[in-house]
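Novice: Residue numbers (this note's numbering), protein chains in the order written: chain H, 710 to 1003; chain E, 30 to 382.
Just so you know, not all the hints are guaranteed correct.
If you only want the chain H side, here are some residues facing chain E, beta carbon under 8 Å, derived [as the list claims (entries may be wrong)]:
#1 733
#2 860
#3 861
#4 867
#5 963
#6 991
#7 992
The hints are simulated quantities; they were obtained by calculation from the structure and are not laboratory data.
Beta carbons: idealized from backbone N, C-alpha and C, even for Gly.
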Amino acid sequence: MILAGTASPPPAAARSQRAARAVMTAALLLPATLFLAGWFLWPLGQLLVLSLSSPEGPTAAYRALAESEVFRSVFVNTLLLAVVVTVICTLLAYPAAWLLTRVRGFWFSVALYCVLLPFWISILVRTFSWMLLLERNGPVNNLLMAVGATHQPLRLLFNQFSVHVGMVHVLLPYAILPIYASMLKVDRRLLLASDGLGASSRTTFLRVFLPLTMPGVMAGAAFVFLLALGFFITPALLGGPQNLTAAMLIDSFVNERLVWPMAAAASFILLLMVLAVLLLTSRFVAIGSVMVMK
Amino acid sequence: MIHRRNVLKSAAALGILGVAPGGLVRSAGAQNRPFTFCSWGGSLSETEKKAFMDPFSEANAVEILNVSPISYAKVKAMVEAKAVEWDLVDVGGQFIYQGRDAGVLEPIDYSIVKADHLEPYWKTEYGVYTSTGASVLAFNTQAFPEGKEPQGWADFWNVKDFPGARSLYGRLYYNYEAALRAAGVAANEIYPATDEKVKMAMAKIAELKPNITVWWTSGAQAPQLLSTGEVTMALAWSGRINDAMREGSPVSMTFRDAIAWGNAFVVPKGTPYRELAMQVIGYAITQEAQERLVPIGTYGPVLGTAAATASPEQAKFMVTHPDNTKVEVIFNDEEVAKYWSKWEEEWQKFMLS
């Protein structure tokens, strides 16, 4: 403050230049802002109004949800599912991302496309493929029986297992890519320096490489977690009735029971959960530095 | 001051309500679009197009647009936004009552719809049934070869003599009817659905739950699960099993204990083509139109006189054929709408446990 106060006022030319830049920035931001305002914020506000429009009173939908045992357990299940999927994805993604940074040339292309190709294929197609693979007389069971791992077909489909497999498969690239990006940014000379100072490779990994790539890990995990919270198709097709997720419950409010205030209220609770996670994550890492900016 | 209609308009603009963002609110000028009929897609839509829509369109020189799939939420959204895009809709019978209570349907105009020849349970104040199907006991023919087929819901519940995994529908209805039949309740005593009967049905379903490996939610699932051997027996929609049998899948079904239901036509409130919609409904239940359902053979006629034109082979899987009506339960959509809304939470709890 003291410095600013004592600084000489900028010359007029610099001031007008700064003003022009501000106008330019505003002009560049305007389309996106308008788009978001019109197609996201405004409908979101309307959705909030809808959630308060139950015929039984403004807070009736929220009260009904809070009192519903089904709703509570579905939300807890959804949260748990998202956490477990996030942990699995992150653990699988880290070595995969590391491998991507090590291979070169032809094998790099192969590895990269192994990550990207599934990313480009419709989620519906991938989910159906898992149904074919995991069914009672499907290839996975046939293989297990052929090698004698099991004598009768295992129940691989329509349970917790298949939901996790399907979701991890769909969401894995979302974890790999930010982690890979953060690994690329690590200055290799730091690792050499650590090595030169006598650290074991384990110490170098734990005290240099891992902390430096943590922003990518957090960003990838946040990505996966947020997407997993709203998952619909995969648990709907691969899960059993005990795998009802929040999104499926909202769908039944909208399409079957036609209780839209309840659907809107449930959506808002889900949204609040997402915002809470974003806030929490942003305390540990500037997500923007990995996902958006720079 | 909250204007409900505006709220709904914007809510409809959100993808969450099943309406594409691009579909905001178009004005429903009758001049802008042809008469539009919406149904479920698949073999049902094909059947209705061939038997009802195309012939009507030709005879009356009216263009009819056939679209699918139907969504109840979309019906509600378009009616409340006063932007009706579907003039005639094929729904599950419960929506006659759900839609009536939500105030989104036109009452059927029986001065235009000539329905004196139709059995009373196929015509209601807000909807007319135009074709029939059933929720039947279907099975894998390799698991149960000829002579050893399950004969009804009692056998479905009998895991000792009829081993193997089962599949039931993911909601209470159909299962309620099947469970009560398995528990020995007479077909004509299934309704009214009292609390005692619902509890009895749920207890019966709980008893079988360990053997039910899949609770299906979309019609195509049951024949798929049966033909791959994932399950040996399932409650399934007759039309889907018919299709699978024709494709040569190792599945079959029995109409004994079948839960017979109808596909109902309803008219969204505020359609600019109200009269035309009534005329199409009237046409769909004529002898001529109903008879066309017989050779198509996926969904049966509602008219007994049309069903009577079926060959013995065709009649075997026809809901309204006299041989089958004797052993069926007629699904009561009004009762179902009542017990489903009352017991849905309990059912979901049961499913989650």
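Novice: Against each hint, give a clear statement of whether it holds in the structure.
Specialist: Status of the hints after comparison with the structure:
1. Contact between residue 733/H and chain E, as hinted, is not supported at the beta carbon level, the nearest pair being about 30 Å apart and thus beyond 8 Å.
2. Annotation: residue 860/H was flagged as interfacial toward chain E, and the flag is violated, the nearest CB pair being 16 Å apart, outside 8 Å.
3. Restraint check, residue 861/H versus chain E: the minimum CB separation of about 12 Å is more than 8 Å; hint violated.
4. Hint status for residue 867/H: holds, given a least beta-carbon distance of 5 Å to chain E, under 8 Å.
5. Interface hint status for residue 963/H: upheld, as the beta-carbon distance to the closest one in chain E is roughly 5 Å, under 8 Å.
6. The beta carbon of residue 991/H comes no nearer than 26 Å to any beta carbon in chain E, farther than 8 Å, and the hint placing it at the interface is violated.
7. At about 29 Å, the closest approach between the beta carbon of residue 992/H and any beta carbon in chain E exceeds 8 Å, and the interface hint on this residue is violated.
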